[in-house]
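Protein chains in written order, with our numbering: chain B, 1 to 252; chain U, 1001 to 1366; chain C, 2001 to 2295.
Just to be clear, a hint being listed does not mean it is correct.
Per label pair, the in silico range of CB-to-CB distance [what the hints assert, rightly or not]:
| no. | chain 1 | residue 1 | chain 2 | residue 2 | range |
| --- | --- | --- | --- | --- | --- |
| 1 | B | D140 | U | A1058 | 53 to 61 Å |
| 2 | U | R1270 | C | T2022 | 15 to 23 Å |
| 3 | C | F2061 | U | P1114 | 54 to 62 Å |
| 4 | U | P1195 | C | V2042 | 23 to 31 Å |
| 5 | U | R1270 | C | T2280 | 30 to 38 Å |
| 6 | U | R1270 | C | S2054 | 42 to 50 Å |
| 7 | B | S148 | U | R1063 | 34 to 42 Å |
| 8 | C | S2054 | U | V1196 | 25 to 33 Å |
| 9 | C | P2176 | U | R1359 | 15 to 23 Å |
| 10 | C | P2176 | B | I71 | 27 to 35 Å |
Source of the hints: derived by calculation from the structure; they are not laboratory data.
All values reported here derive from a predicted model rather than from experimental measurement.
No residue lacks a Cβ here, since even glycine has one placed at the ideal position from N, Cα and C.
Read off the chains here:
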Amino acid sequence: MGVDIRVENLNAWYGPVHTLHDVSLQIPANHATALIGPSGCGKSTFVRCLNRMHETSPGARADGTVLMGDIDIYKDATPVEIRRRVGMVFQRPNPFPTMSIYDNVASGLKLNGFRKKRVLDEVVERSLKQAALWDEVKDDLKKKSGASISGGQQQRLCIARALAVDPEVLLMDEPASALDPVSTAKIEDLIFKLKTQYTIVIVTHNMQQAARVAENTGFFLMGKLVEFAPTTKIFTNPSDKRTEDYITGRFG
Amino acid sequence: MNEPKIIPLPTAPEEPLSAPHRIAPPPMIKTMLPQTEMGSPAAVAPVTPSAIRMFLQAKSSGRMADGAFAALMVVCALSIFAIVVLIVSVLVSHSQLSIKTFGWHFFSTRTWDPVSGDFGALPFIYGTVLSSLLAVCMAVPLALATSIFLLDICPKFLRAPISFLTELLAAIPSVVYGLWGVFVLVPIIRDQAGPVLEKYLGWTGLFVEPNFGVNMFTASVILAIMIFPVISSISRDVMRAVPVHQREAVLALGATRWEMLRIGVLRNARMGIIGSVILGLGRALGETIAVTMVIGNHPAILKNLFAPGYTLASVIANEFTEATGDLYLSALIEIGLALFLVTIIVNAIARLLVWAVVRDNAGSAH
Amino acid sequence: MDTLPLRSQGVSDFVSFRRSLTNHVVTGVAIISTILVLVPLVAIFGYLLYKGASSLNLAFFTHVPVPVGEPGGGMANAIAGSGVILGLASLLGIPVGIGAGVYLAEYARGTWLGAAVRFTADVLNGVPSIVMGLAAYALIVARQQHFSGMAGSVALAIMMVPTVTRTTEEMLATVPKSVREAALGLGIPKWRTVLSVSLRTASPGIITGCMLAFARVAGETAPLLFTAFGNQFWSFDLNQPIAALPLQIYVYALSPYDEWHRLAWAGALVLIVMIMASVTLVRIFANRGALKGGH
Chain B
1 MGVDIRVENL
11 NAWYGPVHTL
21 HDVSLQIPAN
31 HATALIGPSG
41 CGKSTFVRCL
51 NRMHETSPGA
61 RADGTVLMGD
71 IDIYKDATPV
81 EIRRRVGMVF
91 QRPNPFPTMS
101 IYDNVASGLK
111 LNGFRKKRVL
121 DEVVERSLKQ
131 AALWDEVKDD
141 LKKKSGASIS
151 GGQQQRLCIA
161 RALAVDPEVL
171 LMDEPASALD
181 PVSTAKIEDL
191 IFKLKTQYTI
201 VIVTHNMQQA
211 ARVAENTGFF
221 LMGKLVEFAP
231 TTKIFTNPSD
241 KRTEDYITGR
251 FG
Chain U
1001 MNEPKIIPLP
1011 TAPEEPLSAP
1021 HRIAPPPMIK
1031 TMLPQTEMGS
1041 PAAVAPVTPS
1051 AIRMFLQAKS
1061 SGRMADGAFA
1071 ALMVVCALSI
1081 FAIVVLIVSV
1091 LVSHSQLSIK
1101 TFGWHFFSTR
1111 TWDPVSGDFG
1121 ALPFIYGTVL
1131 SSLLAVCMAV
1141 PLALATSIFL
1151 LDICPKFLRA
1161 PISFLTELLA
1171 AIPSVVYGLW
1181 GVFVLVPIIR
1191 DQAGPVLEKY
1201 LGWTGLFVEP
1211 NFGVNMFTAS
1221 VILAIMIFPV
1231 ISSISRDVMR
1241 AVPVHQREAV
1251 LALGATRWEM
1261 LRIGVLRNAR
1271 MGIIGSVILG
1281 LGRALGETIA
1291 VTMVIGNHPA
1301 ILKNLFAPGY
1311 TLASVIANEF
1321 TEATGDLYLS
1331 ALIEIGLALF
1341 LVTIIVNAIA
1351 RLLVWAVVRD
1361 NAGSAH
Chain C
2001 MDTLPLRSQG
2011 VSDFVSFRRS
2021 LTNHVVTGVA
2031 IISTILVLVP
2041 LVAIFGYLLY
2051 KGASSLNLAF
2061 FTHVPVPVGE
2071 PGGGMANAIA
2081 GSGVILGLAS
2091 LLGIPVGIGA
2101 GVYLAEYARG
2111 TWLGAAVRFT
2121 ADVLNGVPSI
2131 VMGLAAYALI
2141 VARQQHFSGM
2151 AGSVALAIMM
2161 VPTVTRTTEE
2171 MLATVPKSVR
2181 EAALGLGIPK
2191 WRTVLSVSLR
2201 TASPGIITGC
2211 MLAFARVAGE
2221 TAPLLFTAFG
2231 NQFWSFDLNQ
2241 PIAALPLQIY
2251 VYALSPYDEW
2261 HRLAWAGALV
2271 LIVMIMASVT
2281 LVRIFANRGA
2291 LKGGH
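Construct the complete structure from the given sequences, taking the supplied hints into account.
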């Protein structure tokens, strides 16, 4: 089961550049939340703060309170511990090129010291089924490398890899933007099925995608959270004029 | 008048979000989706999800291992500094005797007399500098010409084999060059090239018999062959780093191939090529074995290129194991220290030049 | 009016004879120079093959040198000795070099310390090998008062470290940032990411770099002149003088005996074949690795 996330006054910097300004919101558990906004508005930065990946960039820092369940991820835990509980799928599929499909999915466990082979077999199968990739690769699990499958399959492999460690939260940074429409549709179906088990935060450029998949949507603009509301409200009756301008295509 | 609210969505606003709406998906997709109920995992495993979570949460975050590993890597990196410090300190301490005895005169004295204990490094400095400069003069035109050939003139299918061959030249060990030099080059210079050079250029005083083949000239030729690959490959890299639009701009003005190369490529790559030449010079200064085998090993400062010579590296190689007495050894080690410092400085200058050029071109290339 | 646009007239009409001649002369010079350069290569190789192959026999690989004047003998001890010295040098130099390369690529990108290490390694690469031999002499031989294979190995190891460092760093830099991020995002600690992801992805190139460093020191003579010193007999004791192939070739080439000259040629051929084999293998490996690693 997923866990809810409460963000209070989150600020983030890349060196001297202040990219997030006092962002506060609550992301409910076991729902999908979409974050939309024009390029450079900070939604990717925000999501990377949720699993403390933001600080891996040189000169980057963040400040504020992010509570995952009842744990303050910045004060009560180390980045490594947080990232084991929060899965991330990136914009471009990034399977480990020298590992087989099986090893890719199992990597989150194997490289953290988990050895029991029978359990790993089951976890790999379960994760690939959840990611709707099992039927396509089940005969080549150990023969094909993670990089030798198609782009859409690679991204589903990355989703399976993220799911294998049974995270409580799944962060997805424009997961389908590099993929063709057929793969995109598959991934949206996936998110739809997964959201009842995990808390999903999905950053997307595609407003239709947000509408299809997420219960709540947040609109970011220039590093600030402008509006956060149920998706239907955002798209039909936004409170803020800037949101409406973005939705109707006046900019961005 | 109120502006109509524009609804950009395909879904009707009143319906709660349920299954994603899509225009007739192709049947393929439907069959490929797992036939699971919404929300229930397709697992057959007895392992419950929370067992994995518990395992991972119980795992330490690896802070200590991270720290230890990083420290180990830092130690390895610092070893590079340690090597330099070690070399310098050890050479300096063992040259103390010679430094105290001769002072700066060591580098301006011509005599090298182990018997009387009078040591001066001037003949070796002369030999090193002369042979290296001659080698550079011979190698640079050839290296540039070959680089130009490989860059532009060479048909594509020949490019890889020929450049591979020139790199093979770099892989030949010094002793093999020396062996070839002793038994092939020396006789040629003694018997064939020597008389010809003496006949036409003897008036300059540079090519005066007697010529036994083991002399400054032979050493310079072998050095030229040895440093050629260094200059050639770096020049080629630097020339390749010049953005293509520079070349195209010159060609568009109606330049011939040579003019395009001269204006569009060489002018931009000038600094890098100079850097590669200095690098080649650095290699020539320190080259030991091949030179020792063909230079004659006689300390003398003469204009005649057919006279035997001696270099800083050669005297060490030749006399170190026979050196008797602490002063003799110390003098040789002092020569080694001088060689070390000179090559470090020359190489540092060269690297800075090459690095600056590559960085500049990388910045300007779009 | 004769107003044909410029381009429909041959451009060569506008190139003066002088410019055109210069162009052709330069082209000719370039071609001749390339041939001129390849001639010594072919000459060296050809002569080597000719002189060396005729002297090569099984005894070369199995016998030690015999006293002067007697026919036969070989360089078996030198080949074995080289193997021992190179093995120890690799054991000492390669891990340190890889560690330094990992530091530069994974921990010190963009820092001044990283730049200093990188610069120093590059400069060290240009130091004459005889200086390394001198340093090893002063450090070890002078203190122990005898020559030893260990001192030779140390001299060679010092030469390998900067080379391996730079090639390791360059290979690690080709690992895309996204792959590292994927590992970190899974909660894999940094040290494990470096070992099991970065190094693993870059390993074909890193192995290539190590083999190149090995090939380079395999042919070095100068650092061994007053460290390993050479030995006419079988010797595997690293605490004593030990024979090495390049050293043996050097000594024999400068000797006045024809028989030893013959052995020197044979030895040179063996040495070159070993080095060329590693360099070519490296090339094949590198190309395969490039195709596999990138996608």
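Checklist line | Outcome of range test on Cβ distance (R1270/U, S2054/C; 42 to 50 Å) | finding: Distance hint for R1270/U, S2054/C holds at roughly 48 Å.
Check: Taking the beta carbons of S2054/C and V1196/U, is their distance inside 25 to 33 Å?
Finding: With a Cβ separation near 31 Å, S2054/C and V1196/U satisfy 25 to 33 Å, so the hint holds.
Note to self: Assuming the hint says 23 to 31 Å, is it satisfied by the Cβ distance from P1195/U to V2042/C or not?
What the structure shows: 25 Å, holds
Item checked: Supplied distance hint 15 to 23 Å, evaluated on CB atoms of R1270/U and T2022/C -> At roughly 19 Å between Cβ atoms, T2022/C and R1270/U fall inside 15 to 23 Å, so the hint holds.
Next item on the list: Hint says 30 to 38 Å; check whether the CB-CB distance for R1270/U and T2280/C agrees.
Entry: Holds: the Cβ-Cβ distance is about 34 Å, inside 30 to 38 Å.
Notebook entry, point to check: Do the Cβ positions of F2061/C and P1114/U conform to the proposed distance bound of 54 to 62 Å?
Noted result: The hinted range 54 to 62 Å is violated for F2061/C and P1114/U, with Cβ atoms some 40 Å apart.
Check: When you take the CB atoms of P2176/C and R1359/U, is the distance between them in 15 to 23 Å?
Finding: Between P2176/C and R1359/U, where Cβ atoms are some 22 Å apart, the hint holds.
Check: Lying within 34 to 42 Å: is that true of the beta-carbon distance S148/B to R1063/U?
Finding: 36 Å Cβ-Cβ, so the 34 to 42 Å window holds.
Checklist line | Consistency of beta-carbon spacing, I71/B to P2176/C, with hint 27 to 35 Å | finding: Cβ of P2176/C to Cβ of I71/B: about 32 Å, so the range 27 to 35 Å holds.
Check: Would you say the C-beta atoms of D140/B and A1058/U sit inside 53 to 61 Å of each other?
Finding: 33 Å, violated
Violated hints for the displayed structure, listed by number in ascending order: 1 and 3.
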